[in-house]
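Visitor: One line per chain: the protein sequences are A and B, in this order.
Numbered per the working numbering, the first sequence spans residues 204 to 804.
Numbered per the working numbering, the second sequence spans residues 75 to 414.
Computed from the model, here is a short list of chain A residues facing chain B with C-beta under 10 Å:
{"id": "1", "residue": "L423"}
{"id": "2", "residue": "V429"}
{"id": "3", "residue": "Y448"}
{"id": "4", "residue": "T454"}
{"id": "5", "residue": "G459"}
{"id": "6", "residue": "L462"}
{"id": "7", "residue": "A473"}
{"id": "8", "residue": "V475"}
{"id": "9", "residue": "G480"}
{"id": "10", "residue": "A488"}
{"id": "11", "residue": "T594"}
{"id": "12", "residue": "P600"}
{"id": "13", "residue": "Y648"}
{"id": "14", "residue": "T650"}
Rough simulated footprint, nothing fancy, chain B against chain A, three-plus residues with beta-carbon under 8 Å:
{"id": "15", "region": "407-420"}
{"id": "16", "region": "494-508"}
{"id": "17", "region": "636-647"}
What the hints contain is simulated information worked out from the structure, not anything from laboratory work.
Idealized CB from N, CA, C, for every residue including glycine.
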Amino acid sequence: MTQQIINDLTIQAATVNGSGSQTANLILTRAIFHMGIPVAPKNVFPSNIEGLPTWYQLRVTPEGHMARSDKVDILVAFNVATWHQDLKTVRPGGVVIHEEVFSTADVRSDVTYYPVPFSKLAKSKIQNDTLRKQLANMIYVGVVAGVLGIPMEALEHGVKRQFLTKPKAVQLNVDAIKVGYDYWQDNFSKQDPYRLEPMTGMVEGKVLVEGNQAAALGALMGGVTVAAWYPITPSSSVCENLIAYSERFRTDPKTGEKLISIVQAEDELAAVGMAIGAGWAGARAMTSTSGPGISLMAEFAGLAYYAEVPVVIFDIQRIGPSTGLPTRTSQADVAFAFTLSHGDTRHIVLLPGTVEECYEFARDAFDYSDRFQTPVFMLSDLDLGMNLWMTPEFKYPDKPFDRGKVLSKEDLERLAGQWGRYQDVDSDGVPYRTLPGTDHPAAGYFTRGSGHDEFARYTENADAYARNMDRLGRKLETARQMLPAPLIDESTKSPVGLIAFGSTHAAVVEAREALAAAGKPVDYMRVRALPLSDEVAAFVSRHERVYVVEQNRDGQVYDLVRLALPADLVARVHSIRHYNGQPIPAVAITEPLQQMEAVPA
Amino acid sequence: MSTTVNRVGLPRDAYKGAATTLCAGCGHNSITNHMIKALYELGVEPHRLAKMSGIGCSSKTPAYFVESAHGFNGVHGRMPSLTTGAQLANRQLIMLGVSGDGDSASIGLGQFMHMIRRNIDCTYIIEDNGTYGLTKGQFSATADLGSVQKKGAVNTFQPIDPCAVALTLGCSFIARSFSGDGKQVVPLIKAAIAHRGTAIIDIISPCVTFNDHDGSTKSYSWVKDHEESIADVSFIPFFEEVHVDYEPGTTRDVELHDGSHIILKKLGEDHDPSDRRAAMRVIEEGRAAGHLVTGLLYLDTTMADFATTENIPQRPLRDLGEAELRLSRDDFAQFMSEFA
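Please model the entire structure based on the sequences and the hints provided.
Guide: Written out as structure tokens, the structure reads:
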């Protein structure tokens, strides 16, 4: 037997959508995490309720790599429809656990097979008729545990954690896992090099959170009181989690009243309209959607920009154009969201790169939105939003809400009613507003998406229009200075730098380790907001070659970076793009980078 | 010098707005005046009023009354969603939406219907002239089949009747009137404001520039010749005593949520506004006879409005602070630990 491979492997479970396999995969994930081993699960699922193939990749590394791997070490082949294709993905020397009845004619000879009669075992060993199909998936959890040496204690923990709210289901599932575990013990001897062993020092203080859970918690901590949404993958779980968390944390124990209203709107137009109406009336308001919804929200986004109404818009990006691949990830809405709507419209865009930032940026988005009286876009993606990520526990906020420049009745009395809704009193482009319901005769003003002057009066005056647009430009410039700054690591002193954002971060971290190990370390800047910081040009000026890495075809942020540079720096910037809908693996960075670096400029 | 004031101490002028920029003689201007009268007489506090609108001639009118109130002139056909959000943020606000037939029956039909479905607490006035005025006279979706454009084009499509649509959706307050009939419009507006839920008033409002000619069924002369009122409408606000001086058997008294009363005096018909099927029959019979049936068509005071259904507190959500909105430190720590 070759040398043991410990805690460094990728399991791929190929199953059928809607069969209960996701529960099995999550139990396996939680069991391994419970052993102290870092996990990075990626769920590759179809746009389908039941029947189409689905894959779950569970990557385990001692370093805690979070990006997708392009190599499969252990295949669990549960789906006959994809069996031959799945077999090709296994690396030489890998393991194939498969349903015994699958044809093994013409199969590879460079992998270890563990054929298991899953169907027969399910029929003979699982007594519960209604749950047999679901529980059959647990059998493969048991087999994988046998192959890799996952202790039963860890598996039981995983089951209990998964069925927190359904304790009755625990024993049924544990029993089904034992069926697989026993079958492996009774029928096989270890033929492969892969093993899992308990670790310490990597997962302590860490939790497993989906980005959409983090965003929902962030919104709650940010004080959202009105949320309107229309169901769409992969953003639905933002508001679904918000509903669940609000049931628990936003219900007045004395009266039973809800301190939030979450409305399932008739479409995305209404969803964003409700959020803007609520933002106008002074609530912290949000909507969440994905690409097609963002397209529908374009007109309203312009109204909120021009009339200066706070609203937070979550875009959990998926592949476009059009319907695209609804269950595949992408970073291709960035340029569109940044200038969403006709005319000279430009928005604040937050680019969380970790689930911790999904929480923090979601929370702080409401401050930015109130402070700058403008829409704030939170651009997450399917990979970040719907997969579980290992993360340090989130921090409790250390500052109160920033409600921005709101004039109260007392303020208006002090000003003797003299104020103008769109006057730039503080020379920062940010005007003062009043909220409907403010009991002062000077409080009211007319909000409109048509031309207006400093006092919110309708005007078609050329100078008044230009003055207002210039002020809006100044306002965004003020905001730009206060948004989350890029995170920069120039410790390698390399002449080469990477720029990335969002969920690409995980692959960049791993790629940098690989490049450093190969003697080619690179610096790194992760941008976290649009409009881009001045730090971007400074970073480029300190490097000879800079590669912008992103998950879209057109190099959208590559373009924005070049626009932010003085002409003499533009040629230093190059583009690395990944856009097949699968989360970017590290090799999609290291390989093109090494190729481009090998060619003299 | 003495100035007459209403119950909240404001003169009628406090309910005026900027000078209208609509055409002289526009029916919408009459409705603006009816609105001023209704709001003044009701004693609505301007700071509690939120004037909402979409896009079009009608949607400009909120600038022409109660200047000191907040107003929001949004995007075309989307006033209902803005109103919904604002109402949730602060349910103490009195939401008054002004829309048109293009804004409500064409581009905004979806939001119009879903607002009714949710029973958002707002008064929703449709200034209905059957035409697109601002873009110079195209037919709207409420134009009657066979009606003629100023330049001679004939409308070949069935009209959408906002009242019939509202009725099928279970709208809790449905009325129709005519901009020239202040005696009917003013009490209907007052009643709509007192009503807790979506109150639709479809007010036929002739467009003097593009739709006030012989071939139009929304001209002054056509409406005057064809209007058939189902009852005289009187409104008695909650702060006045009810004195019914009509003969018993000829009136119907309906109490609204805030203690106000609508008194309906029978005309030719014995229409019961709590009977949905009767309301549909009145609309249908009017259409078949070529009459414009006006008055309070339907009223249901039992249906919960959206903010009540949502079970949000009476105090505005927008006023809640960190202490109520954030998880406590203990809850937060407990919640985070559950992700382990």
